[in-house]
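Protein chains in written order, with our numbering: chain H, 1 to 226; chain W, 1 to 231; chain U, 1 to 262; chain G, 1 to 262.
Errors might be hidden in some of the hints.
Pairs of lysine to aspartate or glutamate, EDC-like flavour, derived with a Cα cap of 16 Å [to be verified]: (1) U:Lys53 <-> H:Glu176; (2) G:Lys53 <-> G:Asp69; (3) U:Lys221 <-> U:Glu182; (4) G:Lys78 <-> H:Glu176; (5) H:Lys5 <-> U:Glu5; (6) G:Lys181 <-> G:Asp204; (7) U:Lys67 <-> U:Glu5; (8) U:Lys78 <-> H:Glu105; (9) G:Lys53 <-> G:Glu111; (10) G:Lys78 <-> G:Asp155; (11) G:Lys133 <-> W:Asp62; (12) U:Lys89 <-> H:Asp208.
These are calculated hints, taken from the structure and not from any lab test.
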Amino acid sequence: MLIDKYAYINKLANFNPYIKFTMVAMALAIATIVSNNYVNILILITMSLLTVVVGGIPLNRYIKALLIPLVFLVVSIVSVLISISQKDVYVARIEVLRYYIGFTEESLFQSIHILTRVFACLSATFFLAFTTSINQLIRIFKKLRVPNVVIELLILTYRSIFIFLEEMQEIYRAQEIRFGYSGYRNSFRSTALLMKSLFIRVLQKYEDMVISLECKLYNGEFKIGD
Amino acid sequence: MKNKKYLGFIVSLLLIVTPSISYGMHIMEGFLPAKWALVWTVLSLPFLIYGILKIDKMFKNDTNAKVLLGLAGGFTFVLSALKIPSVTGSCSHPTGVGLGAILFGPTVMTVLGTIVLLFQSLLLAHGGLTTLGANVFSMAIVGPFVSYGIYAGLKKSKMNKTFVVFLAAALGDLATYIVTATQLGVAFPDPVTGIAGSLTSFLGIFAITQVPLAIVEGILTAIVYNLLVEY
Amino acid sequence: MIKIEALNYQYEDGTKALVDVNMDLGKGDVIGIIGANGSGKSTLFLNMLGILKPREGSIKYQGKILKYDRKSLREYRKEVTMVFQDPEKQLFYSRVYDDVAFTLRNLNYDENHIQDRVNTALQKVRAEELKDKPTHFLSYGQKKRVAIAGVLVMDTKVLLLDEPTAGLDPHMTRQIKGIIKEVSKEKKLVISSHDMDFIYEICDYIYVLGNGRVLGEGETKEIFLRTSLLEEALLEKPWLIKIHEGLGLPLYRYESELFQEN
Amino acid sequence: MIKIEALNYQYEDGTKALVDVNMDLGKGDVIGIIGANGSGKSTLFLNMLGILKPREGSIKYQGKILKYDRKSLREYRKEVTMVFQDPEKQLFYSRVYDDVAFTLRNLNYDENHIQDRVNTALQKVRAEELKDKPTHFLSYGQKKRVAIAGVLVMDTKVLLLDEPTAGLDPHMTRQIKGIIKEVSKEKKLVISSHDMDFIYEICDYIYVLGNGRVLGEGETKEIFLRTSLLEEALLEKPWLIKIHEGLGLPLYRYESELFQEN
C-alpha cells in the first residue's frame, strides 16, 4: 500500500499528470501491440530509470513491488513453456512413463517474449503508480470523459479504502495479541470475525456519513474542480 | 441484525465480494498479448456499460447509495489486503468486488468490481492495466454472476441457508478460476498439444491453489454470513 | 436564535431519549451542553439540526417553527450546522481542498469564489499548508481542523460542536480553544464536551442534561457551583471551582486571572 | 521486567518513528508514557508488544531479549498484553461472555476453567451483570470495561493501556481510575494518556516522548515540575502542579490531600 504514499512525495509528484499518463499509455500500447523484445527491454529500462532515478523511488522498494506478481509469473510461464506429449518434439525433455515433458523452441521464444512484455508493462504501470497520485488520475479520467458516476465512485472508494485499512489493522492487532491467529482454526474464526466487524462498521459509517452529508447540503453530486 | 433492510445487502455483498474476485488469480500486467487483452475488454464492456446506466438510474432515486457503494468498494478492496489462512499454509489475498446484487442488480457489482480491480493494480500491483479487461470478465462478471445465480436460484429451496451461501461463494470462486485458466489457455496454445493441452495445463497447475481456496472461502463466507444474521 | 420548546423525542423502540426539553440558545454566545454519556446530548444535537424530528414540541429559529420539508431544512442548514466528533466521518474527499470546497460546490458557487472562501476557512483553522495534502496522510488533529474548516466555509450563524477536543493532546486542545474563541466572535456556538475545565473556560451559558432531561441551566460560574446538580448529572467540577470552594480563594474564570492576582 | 534498549524504529518509507529509545519499566509500578499526538507512543506500544519489530535495539523481558518467532511471541504475550484505545475495535462477538472468553478459547482452555476466569475478570471491571448482554447494545463506557475484562482474563504480568479514559465522561473516568488502581496491585501497568491530571494521579514514574525520542524521564512529581521539558513536548502541567508553582502552596499528589490540609 505504500505505493500510494510515494505517489504524493516523489520528485515527479507535481509534474504534469497528463504527460505522465500519456507516456504510460503509449508505453503500454507499444509493449502489447508492437511487442518486440528489444523495444520491451528499452521500455523497461526507460521506465525504471524514470521511476527510480528521476522520481526518486528507493530501489529496494521498487524491486520489491516488481516481485509482487512473481508467483503468478513463474507458475504461468512454466505452463506456457513446458508441455507434455507422447511425441518427442522437444528441444530439451525428460521422459516419464512413455510421456515426454519438455519445451520446444517456439515455446521457449514465446516465454522469453512474454517475460520482456510483462516487465515492460509492469515498469510502465509502476511508473504511473509510483509517481502519479490517484487524486491526479481522477482528474485525468474526468478529462477523458469517464462517466460521472464512475468518477464519483472512484473518489468515494479511494477515500474509504484508507478508512477501512486503518480499522482493519486495528481490529487485526487486537485479535492478534489475544492469540486470535495462533493456529489454523483460530485464524479462520478470527478472520471471519474480522470481516464481520469490518462489515458492521461499513454500515455504521454509512449511517453517520449520511447525516454529515445532510449538514453539508449534499445535493446528490460529488463534484471536483478541474 | 438491527436493520432488516441491510440483510439483502449483506448477503449479496458477501456472496459477490468475497467469492469470485476474492481469491481469484489476477492475470498480471502485460501477460496477455494485445489481441486477447482487447477481446476480453470488448466482451466486458457491455456489462460495464449496462451497469453504469443502472447505477446512474439508481443514484437518481437514492443519492445516498453513492456513499454506500463507495464504502462497499473500500471494504472489498481492504479485504484484499487481508491475509486469509489457506490450506497450503501460504497466504493468499482475497480481493472482493461487488455489491448488492439483490438490492441493486448483479451488473452494479461489475462496475464496482472494475473500480476495485483498477485500484488493486495501481495500489497493490495485483493485476494490471492491460489485463484489466480480462480480469474484469472473470472476476467482476462471471464469478459474481455465478454466485448470484446460485444464491437466487436456491434461496427459496429447502436447502440449508448456510449451505446455499457456501455453494454460491465456492462455486463463484471456482468459476472465476476456470475462466482465468481458459483466458490463459486460449491465449497461449501449446505448440504441441494445442489449446486443449494448454487449457489442461493451466487448469491443472492452478487447481492446486484455487480449488482448496474456493472451499476455504466458501466456508469463511458461510461463517461470516451466520455471524451477521445472528447480529 | 434557536429556541427549543417542550421537545420530546423517542427512539423507534419506544425508549424516551429526550423528555420535555426547553432551551433558549439566545441566553449566551457560547452555550455549553454537558451531561454523562447517554444523557441525550447527541440526540439533542441531531434534533437541533433537523435530522431527527421530535415527537412533540418544536425547534424555533429566528422565531419561526422549523419545518421538515427538504427546502426548509436546506435553508435552515445554511444557518445552522455542526462539526461532529469523529473527523473521519465528515471527510469525503482524498484531497483537503476538495473536501473543504464540498459544501460550496453543492450550492453551485463559482470556482473563484469557492477558492477564496476555502482559503479563508483553512486560514481560520491554521491549516493553509494542508490544502493539497491527501486526507489520509493527515494526523488526527489535522483531520479535525480540516473538518472544522469544511463547516466554517459555509459561514452559518450557528455552529454546533460535538466534543471538539476529544482525542486531542494538550497542545492541539489549546489550538482548538484558540480557533473556537476566534470563531465565537462571529457566530453563536453550541458545544458539548466531557472536559469540564474546557467547558468552564469557553462557555458562558450552560445546560446540564441527564437521562434526556434538562437538569439545570445557568451562567457558567453559577452552574458549576451547584454541587448537587453536578452530582446528579454524574459530572465533575472544574478545578478553578474546586480551589475556590476548597481553599477559599476568589472565584476565577480563567487560569491566567488566578495566577496574576495571587 | 521490560527493558527497552537503544530501540530504533522506521516506517517502510524511511520515516523515523522511534529514535534511540531506552526505557526501564522496572522503575515504577504504574508507568506513564506521555507525549503529543504523533510523538511515537502508539508505535512504541506496538514495539513493546512485539507487533512491530525494531530496526535496531531490543526489547528485554525478564532479562531475555525478545525473539520474534511465533512461539516466543506467544509466550511473551501471555505475560504482556494491551488494551487499545477504541473498544469498538476490540469487541468481536455479539455476546459479552464470548468476547471475554475469546483469548482463553484461543488457547484451548477447558470451558469450566474459562467460566471461572471470565467471571473473575468481569467482576474486576464491575461488569458481571453485562455477561449475557449483546455487545452492540452496551454504552461506550461499558464497552470499554468489557474490553479491559477481555484482556484481564489472561492474567498477564504487564498490561499496557492506551488512552484508557478517552471519550469517557467524568463519572466513567472515575470508574476506570478505580479499576486501574485495583489492577495495579497485581500487575505492572504502562499507561499513555493526553489527560495530564489523570497521569499525575495514577502514575509513579513517567517517560516523556517527543518526535520519537525520550525527552525526559523521572518520578511523577519531578517530571511535571520540569517546565521547559513539558513545553518542548507540547504538553501541559496538571493543575495541582500549577497551583503549587503559581500560588506557592505545597506540592500535593492528590486532590484529597490538598483539600484536607487546607
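Here is what the structure says about each hint:
1. Our distance criterion of 16 Å between C-alpha atoms is broken by U:Lys53 and H:Glu176, whose separation comes to about 43 Å.
2. At most 16 Å may separate the alpha-carbon atoms for a hinted pair to count; G:Lys53 and G:Asp69 meet this at roughly 11 Å.
3. Proposed proximity of U:Lys221 and U:Glu182 is contradicted: the alpha carbons are some 22 Å apart, above 16 Å.
4. As the CA atoms of G:Lys78 and H:Glu176 are separated by approximately 12 Å, the hinted pair is consistent with the 16 Å bound.
5. Between H:Lys5 and U:Glu5 the CA atoms are separated by roughly 51 Å; this puts the pair beyond 16 Å, and the hint is violated.
6. Restraint check for G:Lys181 and G:Asp204: the C-alpha separation of about 12 Å stays at or below 16 Å, so the hint holds.
7. For the hint linking U:Lys67 to U:Glu5, the alpha-carbon distance of about 14 Å falls within 16 Å, and the restraint holds.
8. This hinted pair does not check out: U:Lys78 and H:Glu105 have alpha carbons roughly 73 Å apart, beyond 16 Å.
9. This hinted pair does not check out: G:Lys53 and G:Glu111 have alpha carbons roughly 34 Å apart, beyond 16 Å.
10. For the hint pairing G:Lys78 with G:Asp155, the CA-to-CA distance comes to about 8 Å; that is within 16 Å, so the pair holds.
11. At roughly 35 Å between alpha-carbon atoms, G:Lys133 and W:Asp62 are farther apart than 16 Å, so this suggested pair is violated.
12. At roughly 7 Å between alpha-carbon atoms, U:Lys89 and H:Asp208 fall within 16 Å of each other, so this suggested pair holds.
Comparing the model with each numbered hint stated earlier shows that hints 1, 3, 5, 8, 9, 11 do not hold.
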